[in-house]
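Note that the protein sequences, when read in sequence, are chains A and B.
For the first sequence, the numbering used here begins at 1 and goes up steadily by one.
For the second sequence, the numbering used here begins at 1 and goes up steadily by one.
This list has only true hints and no planted wrong ones.
According to the in silico footprint, chain A covers these stretches of chain B (three or more CB under 8 Å from chain A):
1. 4-11
2. 16-28
3. 90-102
Hints are computed from structural coordinates only; laboratory data are not their basis.
Just so you know, these numbers come straight off a predicted model, no measurement behind them.
Just so you know, even glycine gets a beta-carbon here, dropped at the ideal spot from N, CA and C.
Single-letter residue listing:
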Amino acid sequence: MTSIEVTNLQKTFQTKRKAAGLSGSMRALIKPEYSLIEAVHNLSFRMEAGELLGFIGPNGAGKSTTIKMLTGILHPSGGEAKVLGFIPWKERQKLAYHIGTVFGQRPQLWYHLPAMDTFILFGKIYELDDKETKKRIEYLTEAFEIKDLLDVPVRKLSLGQRMRCEVAASLLHRPKLLLLDEPSIGLDVVAKQHIRDAIKRMNQEEGVGVLLTSHDAGDLEAMCRRVIVVNHGQIVYEDKVSNLKRKFLTTKLVEVRYAEEVSKDYAIDGVEILKVGHYGVKLKFDTTKTSVDSVMSHLSGAGDIVDITISDPPLEEVIAKIYQEANG
Amino acid sequence: MKELKFLIAIWNTNLQSAMEYRAAFLTQVIGMMANNFIYFAIWIIFFERFKDVRGWGVNDMYVTFGVLASSFGIVNLLFGNAFMLSDIIAKGRLDYYLSLPRPVLLHTIASRSAASGMGDFLYGFISYGLSGYFTWDGLARYVLATLLAATVFASFLILTQSLAFWFGMMTNFSNLVLNAMLTFGIYPITLFDSYAKLILFTLIPAALMGAIPAEFIRAFTWQVLGELLLGAIGFLSLAIFVFNRGLRRYESGSAIQIEV
Numbered sequence: 001m002t003s004i005e006v007t008n009l010q011k012t013f014q015t016k017r018k019a020a021g022l023s024g025s026m027r028a029l030i031k032p033e034y035s036l037i038e039a040v041h042n043l044s045f046r047m048e049a050g051e052l053l054g055f056i057g058p059n060g061a062g063k064s065t066t067i068k069m070l071t072g073i074l075h076p077s078g079g080e081a082k083v084l085g086f087i088p089w090k091e092r093q094k095l096a097y098h099i100g101t102v103f104g105q106r107p108q109l110w111y112h113l114p115a116m117d118t119f120i121l122f123g124k125i126y127e128l129d130d131k132e133t134k135k136r137i138e139y140l141t142e143a144f145e146i147k148d149l150l151d152v153p154v155r156k157l158s159l160g161q162r163m164r165c166e167v168a169a170s171l172l173h174r175p176k177l178l179l180l181d182e183p184s185i186g187l188d189v190v191a192k193q194h195i196r197d198a199i200k201r202m203n204q205e206e207g208v209g210v211l212l213t214s215h216d217a218g219d220l221e222a223m224c225r226r227v228i229v230v231n232h233g234q235i236v237y238e239d240k241v242s243n244l245k246r247k248f249l250t251t252k253l254v255e256v257r258y259a260e261e262v263s264k265d266y267a268i269d270g271v272e273i274l275k276v277g278h279y280g281v282k283l284k285f286d287t288t289k290t291s292v293d294s295v296m297s298h299l300s301g302a303g304d305i306v307d308i309t310i311s312d313p314p315l316e317e318v319i320a321k322i323y324q325e326a327n328g
Numbered sequence: 001m002k003e004l005k006f007l008i009a010i011w012n013t014n015l016q017s018a019m020e021y022r023a024a025f026l027t028q029v030i031g032m033m034a035n036n037f038i039y040f041a042i043w044i045i046f047f048e049r050f051k052d053v054r055g056w057g058v059n060d061m062y063v064t065f066g067v068l069a070s071s072f073g074i075v076n077l078l079f080g081n082a083f084m085l086s087d088i089i090a091k092g093r094l095d096y097y098l099s100l101p102r103p104v105l106l107h108t109i110a111s112r113s114a115a116s117g118m119g120d121f122l123y124g125f126i127s128y129g130l131s132g133y134f135t136w137d138g139l140a141r142y143v144l145a146t147l148l149a150a151t152v153f154a155s156f157l158i159l160t161q162s163l164a165f166w167f168g169m170m171t172n173f174s175n176l177v178l179n180a181m182l183t184f185g186i187y188p189i190t191l192f193d194s195y196a197k198l199i200l201f202t203l204i205p206a207a208l209m210g211a212i213p214a215e216f217i218r219a220f221t222w223q224v225l226g227e228l229l230l231g232a233i234g235f236l237s238l239a240i241f242v243f244n245r246g247l248r249r250y251e252s253g254s255a256i257q258i259e260v
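Next up, chain B with everything else stripped away, as it sits in the complex:
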């Protein structure tokens, strides 16, 4: 409860900071939604030609892309520094967070909001609404699945970016695996054999951000919910563990910083 109050205060300040530049804020939100529409048009054209890929149709793509966009958006909006963690670690910018009485990881990642995240988040709901799978029950599952997929996604970012504690700047590597996560997340899961699926649940847990949440949204099963919960809790625990281990190796730095 204490940390939730703190998070609300941070998000509130983030929002104020983002809204200082009204035009940039609005163009980012609207621009990102337009960007998603244009990107998804390629899939619409693809499924008009092929109709079905091993039992996977355009409606499934709407749901998968929707939950992926919403979970990506929510992380970008509420935990935007998860994308910058490697840079923050390597440049010694954790000092600020370490000097305040709050959990370092939570404080760090929550201290930046990207307005474009709002565009992604809202776009996801529209995509789900257009999928043909929409029900009110499904919407509740959509919200839950988005939160769990966002947890997996944020944890994955923290894990890869925390490697900076050991190897220095990891931004490029992190971007590489981030792109792999998003690319595989949107692909129909039916395309992959069991070995590839194993990778998509573990090394690059794209299935836990796209196909599995989408399956849960379409129809409730305890098994899929269990997989999502297990994935979210497992990856989050691992991310926190790795970050805290790395923190012991943190070396700060003397770079002059111009802004927070």
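With the rest of the complex left out, here is chain A:
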């Protein structure tokens, strides 16, 4: 069963242009100039019910604009879309009963009140019975490990704690589809993992479909089975995450800090050394050519490790690779 069907979706914004400085402002006041920005350009894709779909791309790629059109927040400039059988911008209210949304940059919890108060308010907004709301809160409290957080005013929660409560609140009405726009933005590794685990659990236990936008490749690896990469409002890649990983997410960036000073001619076979400091080294390697195991044993053999960070390359780099491949 299809949960999202998008055909040739388009969104164009009209933006005022102004030269820098006061004289530019004066000219714009007398004779304003506008330009059109095509945020989404003929986008077409499908998403099956219960699927975990990653919708990724760099900043300004059109991810959030697409999500906003799919929730009925924005009217498109052209094209068609159906979400759970509803046309979002025409049947926004009906659709909202069946979907949950989280915008990482836009909190929905009431800032001065404990999260529990927003949960209760959402129960009323979604017309849930009081008993049902209570039961559901208990379930989500356990799934998202937020029992001790519910009675604390939201303003006093950490960003990670708040995001767990935000996602839990968006699931209160048992939506069939969850649209997450950058849910992990600004979170540390542990907080990201908490959110990812809870979302995966909701997908397995309740069959909630998840459309996730992110510019963190880690979100994608951890949660999604299929991925759509967008850039400049267009799809540049669409495949299984396992294929994307195999083809493009092959580089790992490693930052190591040692207890003792590092030798200036620090080197490992098959590894590109990006920077050698007094106590730290930054390096990059291709997992298809050099095994993670061998790099790790070299690193630990070079001295006592105080700290280590292993990360994926920025998504911009992955997209550049995708482009390179497409252009031969």
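Please arrange chain B on chain A, whose structure you already have, making use of the hints.
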């Protein structure tokens, strides 16, 4: 009925939020009442000197100022975001309301309560009580007139602030016309000629927030009730229409928002 339950839930949450800061809540309520007393003292001094302005005395001012304060207060208390709508639209903060299954306009404007509104609302009743026109019948008419004047006032705010859909931030313009509405609302209507009166019923419907409700409170007539009802329904319909037309042009935004 469904929307009333929802509104009660929102107001309940608003009140809880406002009462999180007890001192600020109480000082706003009491401070606003004191502010109104001080402002009205100027009119008392004025009417002590002139007694009557084309048949309009200090007692009429008590009623007019009372109904104006109460209707202003009720909008500020129950639909506080009507004052912030332009800012919410221009900064793309309607997203939150659009993602929930409720009428956007109602949900947006009801999602903020200013505690000072309670001070204005209560002050209005005191002003009416001091006017010398007080009767129990009159009190019932006062409540009805306040509700209708508040509807006109909220609609006027929605109309002017919704211009933000077309012209971007309209907060300053909206404040300008809001001040005009309140200033003309308190002036004795007998001062104005028929052209000015036409403006005060249409472009800046101050008469529907001050003089006409006050006339209805002093003595019941079907004609004045009809004028009030027509004004309230007309302006409300127009405000909803303009807001919904504007909503199609809504462009959201990417500003990071810290709180709801």
